[in-house]
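Chains as they are written, first to last, in the numbering used here: chain A, 213 to 638; chain B, 213 to 638.
No lab work stands behind these hints: they were computed from the structure.
It should be emphasised that the depicted structure is a prediction, and the values quoted were computed from it without experimental measurement.
One or more hints might be untrue.
Remember, identical chains collapse to one label, so a pair may be satisfied in a single copy or spanning two.
Stated by the list, open to error - Taking lysine to aspartate or glutamate pairs in the DMTMM-like style, the calculated list, with each CA pair at most 25 Å apart, reads:
1) Lys606 - Glu541
2) Lys278 - Glu562
3) Lys267 - Glu521
4) Lys267 - Asp517
5) Lys581 - Glu479
6) Lys278 - Asp517
7) Lys278 - Asp296
8) Lys563 - Glu304
9) Lys278 - Asp534
10) Lys563 - Glu443
11) Lys581 - Glu304
12) Lys581 - Asp251
13) Lys563 - Asp352
14) Lys278 - Asp432
Number of protein chains: 2
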Amino acid sequence: MPHSPFRLTATEALGRIAAGDLTAREWTESCLDRIEALDREIRAFVHVDPAGARKAAAEVDAGRRKGPLAGAPFAAKDIIDTHDMPTAYGSEIYAGARPAADASPVAMARAAGAVLLGKTVTTEFANLTPGPTLNPLAIDRTPGGSSSGSAAAVAAGMVPLAYGTQTTQSTIRPASYCGVHGYCPTQGDFRLSGVREAAGSFDRLGLITRSIADIALLRDVLIRRRPRTFEACPEPPSIGFCRTQLWPTMDPTLQAELLRAAARLGEAGASVVEIELPAVFAILPDAHRTVSSFEFVRNFAFEIDRHWERISPQLRHGRIADGLATTYERYVAAGAAIAQARTQLPAVFEKIDLIMTASTLGEAPHGFKSTGSAAIGALFTPLGLPCITIPAFKGPTAMPMGLQALGPLGGDDALLAQAAWIEANL
Amino acid sequence: MPHSPFRLTATEALGRIAAGDLTAREWTESCLDRIEALDREIRAFVHVDPAGARKAAAEVDAGRRKGPLAGAPFAAKDIIDTHDMPTAYGSEIYAGARPAADASPVAMARAAGAVLLGKTVTTEFANLTPGPTLNPLAIDRTPGGSSSGSAAAVAAGMVPLAYGTQTTQSTIRPASYCGVHGYCPTQGDFRLSGVREAAGSFDRLGLITRSIADIALLRDVLIRRRPRTFEACPEPPSIGFCRTQLWPTMDPTLQAELLRAAARLGEAGASVVEIELPAVFAILPDAHRTVSSFEFVRNFAFEIDRHWERISPQLRHGRIADGLATTYERYVAAGAAIAQARTQLPAVFEKIDLIMTASTLGEAPHGFKSTGSAAIGALFTPLGLPCITIPAFKGPTAMPMGLQALGPLGGDDALLAQAAWIEANL
Numbered sequence: 213m214p215h216s217p218f219r220l221t222a223t224e225a226l227g228r229i230a231a232g233d234l235t236a237r238e239w240t241e242s243c244l245d246r247i248e249a250l251d252r253e254i255r256a257f258v259h260v261d262p263a264g265a266r267k268a269a270a271e272v273d274a275g276r277r278k279g280p281l282a283g284a285p286f287a288a289k290d291i292i293d294t295h296d297m298p299t300a301y302g303s304e305i306y307a308g309a310r311p312a313a314d315a316s317p318v319a320m321a322r323a324a325g326a327v328l329l330g331k332t333v334t335t336e337f338a339n340l341t342p343g344p345t346l347n348p349l350a351i352d353r354t355p356g357g358s359s360s361g362s363a364a365a366v367a368a369g370m371v372p373l374a375y376g377t378q379t380t381q382s383t384i385r386p387a388s389y390c391g392v393h394g395y396c397p398t399q400g401d402f403r404l405s406g407v408r409e410a411a412g413s414f415d416r417l418g419l420i421t422r423s424i425a426d427i428a429l430l431r432d433v434l435i436r437r438r439p440r441t442f443e444a445c446p447e448p449p450s451i452g453f454c455r456t457q458l459w460p461t462m463d464p465t466l467q468a469e470l471l472r473a474a475a476r477l478g479e480a481g482a483s484v485v486e487i488e489l490p491a492v493f494a495i496l497p498d499a500h501r502t503v504s505s506f507e508f509v510r511n512f513a514f515e516i517d518r519h520w521e522r523i524s525p526q527l528r529h530g531r532i533a534d535g536l537a538t539t540y541e542r543y544v545a546a547g548a549a550i551a552q553a554r555t556q557l558p559a560v561f562e563k564i565d566l567i568m569t570a571s572t573l574g575e576a577p578h579g580f581k582s583t584g585s586a587a588i589g590a591l592f593t594p595l596g597l598p599c600i601t602i603p604a605f606k607g608p609t610a611m612p613m614g615l616q617a618l619g620p621l622g623g624d625d626a627l628l629a630q631a632a633w634i635e636a637n638l
Numbered sequence: 213m214p215h216s217p218f219r220l221t222a223t224e225a226l227g228r229i230a231a232g233d234l235t236a237r238e239w240t241e242s243c244l245d246r247i248e249a250l251d252r253e254i255r256a257f258v259h260v261d262p263a264g265a266r267k268a269a270a271e272v273d274a275g276r277r278k279g280p281l282a283g284a285p286f287a288a289k290d291i292i293d294t295h296d297m298p299t300a301y302g303s304e305i306y307a308g309a310r311p312a313a314d315a316s317p318v319a320m321a322r323a324a325g326a327v328l329l330g331k332t333v334t335t336e337f338a339n340l341t342p343g344p345t346l347n348p349l350a351i352d353r354t355p356g357g358s359s360s361g362s363a364a365a366v367a368a369g370m371v372p373l374a375y376g377t378q379t380t381q382s383t384i385r386p387a388s389y390c391g392v393h394g395y396c397p398t399q400g401d402f403r404l405s406g407v408r409e410a411a412g413s414f415d416r417l418g419l420i421t422r423s424i425a426d427i428a429l430l431r432d433v434l435i436r437r438r439p440r441t442f443e444a445c446p447e448p449p450s451i452g453f454c455r456t457q458l459w460p461t462m463d464p465t466l467q468a469e470l471l472r473a474a475a476r477l478g479e480a481g482a483s484v485v486e487i488e489l490p491a492v493f494a495i496l497p498d499a500h501r502t503v504s505s506f507e508f509v510r511n512f513a514f515e516i517d518r519h520w521e522r523i524s525p526q527l528r529h530g531r532i533a534d535g536l537a538t539t540y541e542r543y544v545a546a547g548a549a550i551a552q553a554r555t556q557l558p559a560v561f562e563k564i565d566l567i568m569t570a571s572t573l574g575e576a577p578h579g580f581k582s583t584g585s586a587a588i589g590a591l592f593t594p595l596g597l598p599c600i601t602i603p604a605f606k607g608p609t610a611m612p613m614g615l616q617a618l619g620p621l622g623g624d625d626a627l628l629a630q631a632a633w634i635e636a637n638l
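Extracted from the complex, chain A is given alone in its bound form (with noise of 0.2 Å):
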């Protein structure tokens, strides 16, 4: 047994479970040890059961549970609800709230054997206004948001696997910030059954780990499907570099960063070519933010009817004055607008397997006053596109700095083999 299963993957430790040289109940306490030794300070977690995660524990080790997941410790952002934890979408207007049901994802990862251990902070109702959680890697950073307790708890080694959810920005970005990985499917190909709906036309669920392989594994669960043996694709793939009209914009780090993983992925044999966005595709953050805003004064009717004077005034004067602001003409076209741009698609990737680019604009920024930039999710998450952070690069203070992938529509399976392949060869 290793003194610290809290380190493995899931991929890692399960094999270990499987080989008989851990037991679920070790792995879970390592990581509830792990909790208990930094959450005081990073705040995490706004619920953590241990006894609920002991007794799913003991149910592993007894045979009692099985799956795919049996014995793996796994954390739920606290926008997705559990009928045995409160569910408080990060608004005190919910303090304390219990759902009646566990979320599509939740319930499968339970069916598969995983063991939630508890959830975490998201911002307010997944949207700007920043949790208490503090960036595991520099407890002076912000985390990113808004599945800001998922990547720090993935970080941090509380555990192995967390769901994040994201809108705009609001996986790949906080798992850049705090060096993990992170994930989001094609959108449609996860269920958000019991998962707050912020903005349907772009919502998906967000996985966050410390390696592809536990990606596709959590994928298999979540669609259902007997877990194949991950592996890294055989070929190196075609690659399109793209800097995106946020180039100016970039770390000037990030920028020698990318391109000098361009250039060794070429050199290790993939193509690797400059690729430009469609000029039609300059629309897609302002529709994003057209047609965000306007379904998410929408969906939270009943607490901008009901309680007003507990939304934060930084929602209220952002994203729901925008949304009250916004017309459904307005929003219609923005609709349209996004639509069309995915016409394009199939035309974008016609000679290449992925599109690579940054995960964020730079390392995570000091102080908690924001969550840092979603500039780069509100020109690809319009477009529904399976993405992939991978840890790759060091900022100029040495913070992690994401790669960002994203693949066609539906072609996830080879996104993550690819992405395996572009970080064995960086």
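Place chain B on chain A using the hints.
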């Protein structure tokens, strides 16, 4: 003041309130009386809240609650969350469960001044297993499903407005069987936060009323647009009359009525042409079933894993068995086939404003073992088109049968105005 305000449409009664001829309290009391008188037998409601309704109505009369629906009684299918009434999703698993928030459509109607009287019967999880509701027009027949209670409540005069949902035919069918109006918007047009997801690729909110003007009013509230005065379109529409592949299975009286309606609308000035759906649409019913079942078992993973014995055998052996046997590959292929079919829609609507077809295969069937055939829904629902049923016809035993009109994606406003023209000219 009329003696029976429960008989009025919402638009009519709101006009009388504006004119000082009716109070919200009188309107609500009239509907509550109607429920009291009839619902012991019809069983449209699973929960009624007279005290809450009286309080809300009194606030309207006192001028403290305003809005375009101020004082309008309504009901919500029990698949839709309410913070002050139980929400059981048609399942004993959730008997007495109380969500923390109102679903988006409930909150938006209430914010517009509407008065929620109660929750209406849904089939189990909005799937096939019938609830206890009888058809108010013939108590030995099904009201249709899954929005059984909402259609029955509106037909019986218990409320002028009710919410249903539709994943296959769950609004159009019960509205047709009960002789009222039913409408689903272009897919994605109304927000579904707090509405239990069955199959997110198809789920839509449905509106059930006794007039097209009421649908238009409620639609304006749900997209948060200043309500406009509703009028039938002044010009006769171009109608594509479509028998569909289901024609041979339709009641001969319905066939004759549809043909007569096509002729009459032509005489009234409409261009009426017979159209055939593209051959590729033949795959839609199978693809709809594949996608629905796959998504259903993932959305209900919690109930399947933890409450298996409390799920009805009909649901376990039907939708759930189907979903568990559906592979991800088949699901993805079905989704792609539907997307491919949708690319034909611009050609379908190139020369017509709307498709005119049947709402159901005939009158509401006798008995309560099933809620009737959803075959027409399985054909059209995957396309996401806005659709409306008008209680236009009488069947062989004088039960109502609907005429269904479907418009192009995003053409909701025009569709409602054209449907009103059709209704006026039949």
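Here's how the hints hold up against the structure:
1. Lys606 - Glu541: neither (44 Å within a copy, 39 Å between copies)
2. Lys278 - Glu562: neither (42 Å within a copy, 55 Å between copies)
3. Lys267 - Glu521: Only across copies: Lys267 and Glu521 sit 23 Å apart there, 40 Å inside one copy, limit 25 Å.
4. Lys267 - Asp517: between (41 Å within a copy, 17 Å between copies)
5. Lys581 - Glu479: Neither. Shortest intra-copy (42 Å) and inter-copy (67 Å) distances fail the 25 Å Cα cut-off.
6. Lys278 - Asp517: This pair counts as between: shortest inter-copy Cα distance 12 Å, intra-copy 45 Å.
7. Lys278 - Asp296: Within one copy, since 20 Å is at most 25 Å while 39 Å is not.
8. Lys563 - Glu304: Neither way: Lys563 and Glu304 sit 49 Å apart in one copy and 54 Å across, limit 25 Å.
9. Lys278 - Asp534: between (47 Å within a copy, 23 Å between copies)
10. Lys563 - Glu443: Classified as within: same-chain Cα gap 23 Å, cross-chain 52 Å, threshold 25 Å.
11. Lys581 - Glu304: within (18 Å within a copy, 46 Å between copies)
12. Lys581 - Asp251: within (20 Å within a copy, 55 Å between copies)
13. Lys563 - Asp352: neither (43 Å within a copy, 63 Å between copies)
14. Lys278 - Asp432: Classified as within: same-chain Cα gap 15 Å, cross-chain 50 Å, threshold 25 Å.
Checked against the numbered hints listed earlier, the structure breaks hints 1, 2, 5, 8, 13; every other hint is satisfied.
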